[in-house]
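Number of protein chains: 2
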Amino acid sequence: MQTSIGLDFGTNSVRALLVDCADGRELATSVFHYTHGDMGVIIDANDPDLARQHPGDYIKGIVHTVKRVLDQAGPKSGATVVGIGVDSTGSTPIPVDAKGEALGLQAPFVDNPHAMAWLWKDHTATREAAEITAAAAASHPEYLAKCGGVYSAEWYWAKLLKCARTDPEVFAAAASWVELADWVPAVLTNTTALDKLSRGICAAGHKCFYSEEWGGFPSPEFIASFDDGILNQARASMTQPVINVSQSVGILCRGWAEYLGLPEGIPVAAGAFDCHLGAIGCGIRPGTMVKVIGTSTCDLAVTPLAGGLTDIPGVCGVVPESVLPGHFGIEAGQSAVGDIFNWYVHKLQPGEGLNHAELNVSAATLKPGESGLLALDWMNGNRTVLVDQELTGLILGLTLHSSPGEIFRALIESTAFGARMIRDRMVSCGVKVDEVICCGGISLKSPLLMQIYADVFNCPMKVSASEQTCALGSAMAAAVVGGAQENFDTAVASMTRIRDEVYMPIPENVAVYETLFGIYQQLHDGFGLREGQRNYFELMKDLIQLRKAQRAQA
Amino acid sequence: MQTSIGLDFGTNSVRALLVDCADGRELATSVFHYTHGDMGVIIDANDPDLARQHPGDYIKGIVHTVKRVLDQAGPKSGATVVGIGVDSTGSTPIPVDAKGEALGLQAPFVDNPHAMAWLWKDHTATREAAEITAAAAASHPEYLAKCGGVYSAEWYWAKLLKCARTDPEVFAAAASWVELADWVPAVLTNTTALDKLSRGICAAGHKCFYSEEWGGFPSPEFIASFDDGILNQARASMTQPVINVSQSVGILCRGWAEYLGLPEGIPVAAGAFDCHLGAIGCGIRPGTMVKVIGTSTCDLAVTPLAGGLTDIPGVCGVVPESVLPGHFGIEAGQSAVGDIFNWYVHKLQPGEGLNHAELNVSAATLKPGESGLLALDWMNGNRTVLVDQELTGLILGLTLHSSPGEIFRALIESTAFGARMIRDRMVSCGVKVDEVICCGGISLKSPLLMQIYADVFNCPMKVSASEQTCALGSAMAAAVVGGAQENFDTAVASMTRIRDEVYMPIPENVAVYETLFGIYQQLHDGFGLREGQRNYFELMKDLIQLRKAQRAQA
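Residue numbers (our numbering), protein chains in the order written: chain Y, 1 to 554; chain U, 1 to 554.
One chain only, chain Y, in its complex shape (with noise of 0.2 Å):
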């Protein structure tokens, strides 16, 4: 038997995984929840932007996870893995110093926030991010359109800069930044030093403006427009050739492999985002797009790079290999999801309102469009088409009869249109996407959610049959790069599986929520774009039209 590790580091914790690397069985995992700060964030009471991590959680959490999976796969199992695969939160970028060592490990920083990990979420540099992407739009549009137009507060140079100008100490230390997904992968092979360091095109190309097209990193030049040369010490750090996740970074090392009980020697591959890989891990190819619907939503999809690929408007990022070699890696995303459903059951019911599942059975009993309600689901902003944080929620048709049922169904089928948009632009653009599969936990635990889902988009929606797609899909990369699997399509064909129950669209609903995705889409337009005039005066009539015909059915 042949198996590989899966280190899946997330924002409250890590998780290993085994599996084989025959059939992608998950012969065993375990999980350590970093210990520093708050559930593993260190925040700021005076900053709620902020959001940082320990780089020495990140040490811990593979000591703690790799033994332990080994532990329970039996004596020996430590013989039988053949790679390594790492895929983590990001773009999460750590300060280190010329040997590649993270400076919040060390003596003068260890109690510094600005010198360790700055998460994925941490907002602080939202001015910074605004800075670079009007640089960017005055004299490198393109690279604004690999990334949906807007660079992003939670993004490697918009991070950069903000700590030059936060804690000039602390940058002027930082030899270069690296992203956490790679940082792992070099930490184990012991080539982290910055000139034997690996970069992988996930997050150089979604978060660093990073292209084959422009000859790859941003060019010194853009980056002193807009930082007065500040940054590039760490563009000049890299000089190493980015690798996709078919490729290694290198092997690991004596010391991580003794003290693992792992063989030395075997590849870790190159690193990429929790998303990326879990799409993998879900069975992502051509012709599939893969929904991870949790707090928010990311979205992907591929299409071989043979075939080429205009830019997508409003997509957060389009990057050749960033999720399978060989394809262009597309990623869109919500920016809330189940945050809305927890906003109006925590948020909106302080007292003891209705839980979850009781909202979900009052909102099942309803036909489509029979509430009459209608809403966007911009409480948090919408990332994709609109790209516009600034947005927000709104609902639409209330009533003095409507229930919590009504608004929370109408809630449901708010992000469902707004999923929908997504996958319409994908298409519109020459995106095949035939079927949908889905992972995370609201695709388990809702299943009224993914019938929705499935009459509104007209397609049926499949469920991962693994609860970790994204440490299964690092295993998977790991499986290639051990040389257990041929390449992704065999991995993806034999280590990946769908689970039995299949939401399959209802002709009746879908042709309602086409009537209700139409008002959505003049809603959206109307509020989401500037020149989206619109003559709203039908939309409500609209909505008690349907909502009378549909209380009129039996």
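Worth flagging that the hints you see were computed from the coordinates, not collected in a lab.
Wrong hints could be hidden among the right ones.
Just so you know, same-sequence chains aren't split out, so a pair can sit in one copy or run between any two.
What the hints assert, rightly or not - Below 25 Å or equal to it, Euclidean Cα-Cα: the simulated SDA-like pairs (lysine to any residue) are:
#, residue 1, residue 2
1, Lys-196, Glu-213
2, Lys-541, Glu-531
3, Lys-196, Gly-483
4, Lys-541, Ser-403
5, Lys-347, Lys-548
6, Lys-367, Thr-515
7, Lys-347, Val-361
8, Lys-541, Ser-296
9, Lys-541, Ala-130
10, Lys-541, Leu-529
11, Lys-548, Leu-529
12, Lys-121, Arg-547
13, Lys-367, Gly-381
14, Lys-121, Leu-50
15, Lys-347, Lys-541
16, Lys-541, Gln-522
17, Lys-541, Glu-390
18, Lys-541, Asp-525
19, Lys-367, Glu-390
20, Lys-347, Cys-429
21, Lys-347, Leu-448
22, Lys-347, Arg-551
23, Lys-541, Asp-97
24, Lys-347, Ser-403
Chain U: place on chain Y using the hints.
The following block gives chain U in isolation, referenced to the frame of chain Y:
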């Protein structure tokens, strides 16, 4: 001492109020809860639109309440009474025989709801109202111009037509139909016989298409145009002059005088609708708008007949002398105000949520605009100025941080904006509004709402000192017809008072609400008017800018 009695026939009960004619001091009051149906309303489990009342409840109510106030006021108090005034809900027509006796009190019909009083809120005649609207639009648009452009299912002719179609036997037995506000004075003065019956201008003008402009009640030809002539039996009974509340319908007959312990021969004033006499009880005069704020609102203003008045588009009714003799009476209203707050508290919080008081406390901590929320107050349609029951409510600006207190404040503000649309429409058509006097439960219970109204209106909000302004207004009419007051000018000056606490506009809030009202108007016109095409892109952004500015303040 001279006293007078006001009788106020409400939806669930009747109240008698004994006042001192010199100063309006309330000497005694008594309430009788109707005994039939569900809290006085006869309903039908199979038809939620049906709402009727038993005429026997009115009779019993007179006896109980008048006897009790005289008991309370002490021996011989009956001898001080100089007159009786009557107000009631409406349009609440009662089918009667040629002697004016209510069919519902007669043997063949005692259990038949169609033979009872058709309570104002009976909505069974929706289709008939639409037919009447269409007929008037085709041949007599001037009829519609006086009642806001749409004839309502709550009104006289629609209810008659519905009865003719639903229960021809009852309809055939009815020699005529008499408004409750006209029937009670006729009963007390023994003038119910159709050739003696006086009808009041308030009900006739607002609900029956009566106007001196076209020679009185609508032409038989017009009525035949929508009903094949069936309603002309009722139309033919309308032979007596129509009178206003400064005139008496007759004198208290001996039987009633002896039975109640009142002087024989005291005059009974013509009846009017509750809100109209309530406005008099509040002290209405030119320049004063009266708002009766309860589950819905009724808004009233007057302007001298001598000055003339154009039609006011979208305002429910403009009728000479329907409120104050010598003046045009202008009636408008919002379909839901308190009902919106009750919906939020009771329907949207099915568990133990926050009550009204807690939500008020929470909402009161916010500055205007701070929540970024804006609502349209159309959860029960829009009565004025859009006259469209198929409009629905909307909440804009929702985020994952939006809280119940924020939403509750936005709902209060939405009703204030809706109220301002009415005030502004009246003013734009030449009605002077210098001050607002409020009455009704909410004006007493919610200082927060009153302050917001003062800020949104940018004018002082006063509250009537009387908590039964309708009965007081009726007693004032009684004082006038009884000769204890010279006219309504003197009665208003000496018999009405406002509370000491006046809500004054707060300049910094006024400025913010001016901005918010501008956004509200755009939503109002965009969703409410067929030609109201708008570009909504800026609306969410404007709200966020305002939110930021307000939060940035100390």
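Structure-based check of all given hints:
| no. | hint | result |
| --- | --- | --- |
| 1 | Lys-196 - Glu-213 | within (24 Å within a copy, 96 Å between copies) |
| 2 | Lys-541 - Glu-531 | both (24 Å within a copy, 14 Å between copies) |
| 3 | Lys-196 - Gly-483 | within (23 Å within a copy, 107 Å between copies) |
| 4 | Lys-541 - Ser-403 | within (20 Å within a copy, 29 Å between copies) |
| 5 | Lys-347 - Lys-548 | between (31 Å within a copy, 21 Å between copies) |
| 6 | Lys-367 - Thr-515 | within (14 Å within a copy, 39 Å between copies) |
| 7 | Lys-347 - Val-361 | both (20 Å within a copy, 17 Å between copies) |
| 8 | Lys-541 - Ser-296 | between (32 Å within a copy, 22 Å between copies) |
| 9 | Lys-541 - Ala-130 | between (40 Å within a copy, 17 Å between copies) |
| 10 | Lys-541 - Leu-529 | both (23 Å within a copy, 12 Å between copies) |
| 11 | Lys-548 - Leu-529 | between (31 Å within a copy, 22 Å between copies) |
| 12 | Lys-121 - Arg-547 | between (40 Å within a copy, 23 Å between copies) |
| 13 | Lys-367 - Gly-381 | between (28 Å within a copy, 23 Å between copies) |
| 14 | Lys-121 - Leu-50 | within (8 Å within a copy, 57 Å between copies) |
| 15 | Lys-347 - Lys-541 | between (31 Å within a copy, 24 Å between copies) |
| 16 | Lys-541 - Gln-522 | both (14 Å within a copy, 18 Å between copies) |
| 17 | Lys-541 - Glu-390 | between (28 Å within a copy, 7 Å between copies) |
| 18 | Lys-541 - Asp-525 | both (19 Å within a copy, 14 Å between copies) |
| 19 | Lys-367 - Glu-390 | between (32 Å within a copy, 20 Å between copies) |
| 20 | Lys-347 - Cys-429 | neither (39 Å within a copy, 45 Å between copies) |
| 21 | Lys-347 - Leu-448 | both (22 Å within a copy, 23 Å between copies) |
| 22 | Lys-347 - Arg-551 | between (31 Å within a copy, 20 Å between copies) |
| 23 | Lys-541 - Asp-97 | neither (64 Å within a copy, 43 Å between copies) |
| 24 | Lys-347 - Ser-403 | both (17 Å within a copy, 6 Å between copies) |
The structure does not agree with the numbered hints 20 and 23 stated previously, though it agrees with the rest.
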